[in-house]
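A.B. asks: Start from the sequences, fold in the hints, and give me the full structure.
Chains as they are written, first to last, in our numbering: chain F, 564 to 1020; chain U, 564 to 1020.
Don't read these hints as lab results, they were simulated from the structure.
Sample of chain F residues at the chain U side, in silico, Cβ under 8 Å:
1) Y571
2) Y574
3) M644
4) N673
5) N674
6) S717
7) V741
8) R743
9) T744
10) Y985
11) H995
Since the structure is predicted, the reported quantities are computational estimates derived from the model, not experimental observations. No residue lacks a Cβ here, since even glycine has one placed at the ideal position from N, Cα and C.
Number of protein chains: 2
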Amino acid sequence: MSEKKIPYKIYLEEQEMPTAWYNLRADMKNKPAPLLNPGTHQPMTAEELGGVFCEELVKQELDNDTAYFDIPEDIRNFYKMYRPSPLVRAYCLEEKLKTPAKIYYKFEGNNTSGSHKLNSAIAQAYYAKKQGLKGVTTETGAGQWGTALSMACSYLGLDCKVYMVKCSYEQKPFRREVMRTYGASVTPSPSMETEVGKKILAEHPGTTGSLGCAISEAVEKAVTNEGYRYVLGSVLNQVLLHQSVIGLETKTALDKYGIKPDVIIGCAGGGSNLGGLIAPFMGEKLRGEADYRFIAVEPASCPSLTRGTYAYDFCDTGMVCPLAKMYTLGSDFIPSANHAGGLRYHGMSSILSQLYDDGLMEAISVKQTDVFEAAEYFARVEGILPAPESSHAIRAAIDEAVKCRETGEEKTILFGLTGTGYFDMVAYEKFHDGQMDDYIPTDEELAKYREMLPKID
Amino acid sequence: MSEKKIPYKIYLEEQEMPTAWYNLRADMKNKPAPLLNPGTHQPMTAEELGGVFCEELVKQELDNDTAYFDIPEDIRNFYKMYRPSPLVRAYCLEEKLKTPAKIYYKFEGNNTSGSHKLNSAIAQAYYAKKQGLKGVTTETGAGQWGTALSMACSYLGLDCKVYMVKCSYEQKPFRREVMRTYGASVTPSPSMETEVGKKILAEHPGTTGSLGCAISEAVEKAVTNEGYRYVLGSVLNQVLLHQSVIGLETKTALDKYGIKPDVIIGCAGGGSNLGGLIAPFMGEKLRGEADYRFIAVEPASCPSLTRGTYAYDFCDTGMVCPLAKMYTLGSDFIPSANHAGGLRYHGMSSILSQLYDDGLMEAISVKQTDVFEAAEYFARVEGILPAPESSHAIRAAIDEAVKCRETGEEKTILFGLTGTGYFDMVAYEKFHDGQMDDYIPTDEELAKYREMLPKID
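C.D. replies: So, in structure tokens, the structure goes:
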């Protein structure tokens, strides 16, 4: 521990910001399993992927060896508009908890998309623009990714078509309006605009949609429209690559003050934030240079790591995407309608799944009322109203800090505060009004979806 | 101009943050006129004010001579949770506008209250706590001030009662919910909780309220409840004192890089942001050390400086508050219901009114569709979705920069970006849907309210 006085917020200088993304796969002994063609069950080739993703992103997706990818200057300049993000020393939280632990969080919410999603959105939009495309399509659930992509596309003059999970579209008109401010077209999914949407609506009339459905629609729209490609805000290797900017900044800031975290905590839905935050630290661990505990925190209502199966599965409901090997609950799994806390995806990044399977990372699940309790506590003490997603990590960090109070250990806890909850007040209201339950899927329910996993040799 | 490369965002180090607030009145030759007792028309004494405000704040309110007030350490620590705020070089906006002007903005929106209001909220709550009070009462319109005060009170363990203008209460349930997250009680105003509320409801059944009404209710609640005082988010001298932290940080940041602004622009409702931003620069001007142009920007639908009268008037509708000498439209004036852009107060800070009357500051008014056009433009180019209030300053800054493009002048423009618009999406939606008009009060209408001004010798 350094003798330097640590400020409440550590901001890097502009010239200290990362100039290259770090590709964690380069240091993994067991590489993440490749994407498979859903028809042939053979690894997807660059050519096949090129119909869905733009060329540079295909390269990034498939490259398990190159440790660093230069961040193009235009993207670095865009980053300078809202980065570096602060690494915050949670002095107030420590004091309130009366813990000897030292708590830090990397706060990614100070931009209009409200989360870390912008880090990958600008990268994906940039490569699409560079390839001369007209636009991109995507899906969004809570709306953070859709907003981020809208911002990036607006900046670069690209068309942006967002399929928004219907229940979110209806419950979050303000998110929709932000995307509209950035010139995106937003369609509630499932819609009658795509074949897969029509099929899903015919089979499940009245469905309020799911991320898996919306992905299927966005992919179809991209592959059937000249000059469009599909982009995704999480799960993919390329996304974790871009999000490594979170971890790289964090590590530089900690190194400046000689701080070494003992435990690193992140919420985990598709894995984009967690994968980005832990990247350089996990790299050190993989290279045997340092050791850290890593904890993935997921909702008890959508427990892909803690109760899922490590297997090949579809990334989407319509089964138009490649197959990915991941911890999954099955592509038809949809969390309880009462689940308000985000992180609703049925699967998990192949990189994180492999690390978890190799025992390099822990995972826990938390109940949503416990998450909102932590969220409100944190808001009052640290002054930031957190996104429900981020609050999973807050819950786990508080629990760790309380353990330290009991044991007297002066651990250094680092967690990722991925975003703000300004568009999640309906969920907070439910919590305040005692209308939030803690539904947890039964073993029978999970078994039903497990049975439906595709059979791959 | 310095040769140093200016970063996109200038953050001060923690130790560079101001340790004292600057009291602009100390350098004013013509001091702002004193508050008057509404009954006797004599200047309010410290004792009289002490029934409404807490002691330290009364001192600050009445002191026209002390140039600097030390910021207590507890407040400085709270500031460190969300300050220093960034001074942003608007490179992207400059490029998009093709202007030779250099544009800077001080961005106060990166905290959960969404605006600069927190700077004074924590100060006022701190002094209330120090005096051993139980709680404070206040009013809120758009909700930024109420949220800020809720955050400050929650941090200090004070009770917080907010009277929220009824139409905002109904149209902004999420703002209400944020205040609830911070433990405040929020009552739609006018209410049946106060005598003045009952009276207003009897006279105007079905009224959707106004800031002036809500102030009357909050003041009554404070003076009739043991252990409570009233606090106000704008207009008062004490508020401008606390908000000087904005200008002090800005000046330190500019000085570090040897930058001298030619024109300083701020939106003006009650004057808290503008007064805070310009304070140290105006101080230099008053002392003859430097010269700057200052521009107050107000809505054309509520034009207190540009079309109001400089006279003593009531601060509130219920006429329970002291009289203040200010540019005013009359305490019964309420802007058109279609006005969505904030800055709805009928009067203006006595300090700013005096400076304007002395010709030390300019004022302009802008139409709300022009404001929202600038807001959307800015959001797309600079990546921050601005509050409608702040967008008045954006409009004026863009217009100045465009003039520079035409004349070729390389002016340095500084403006205050007071907050974010995340809770204003209904207004943005109106704008997108073409449902926003530009109602401007007629001369006859303004004359009617002018006739109703109190007659003071």
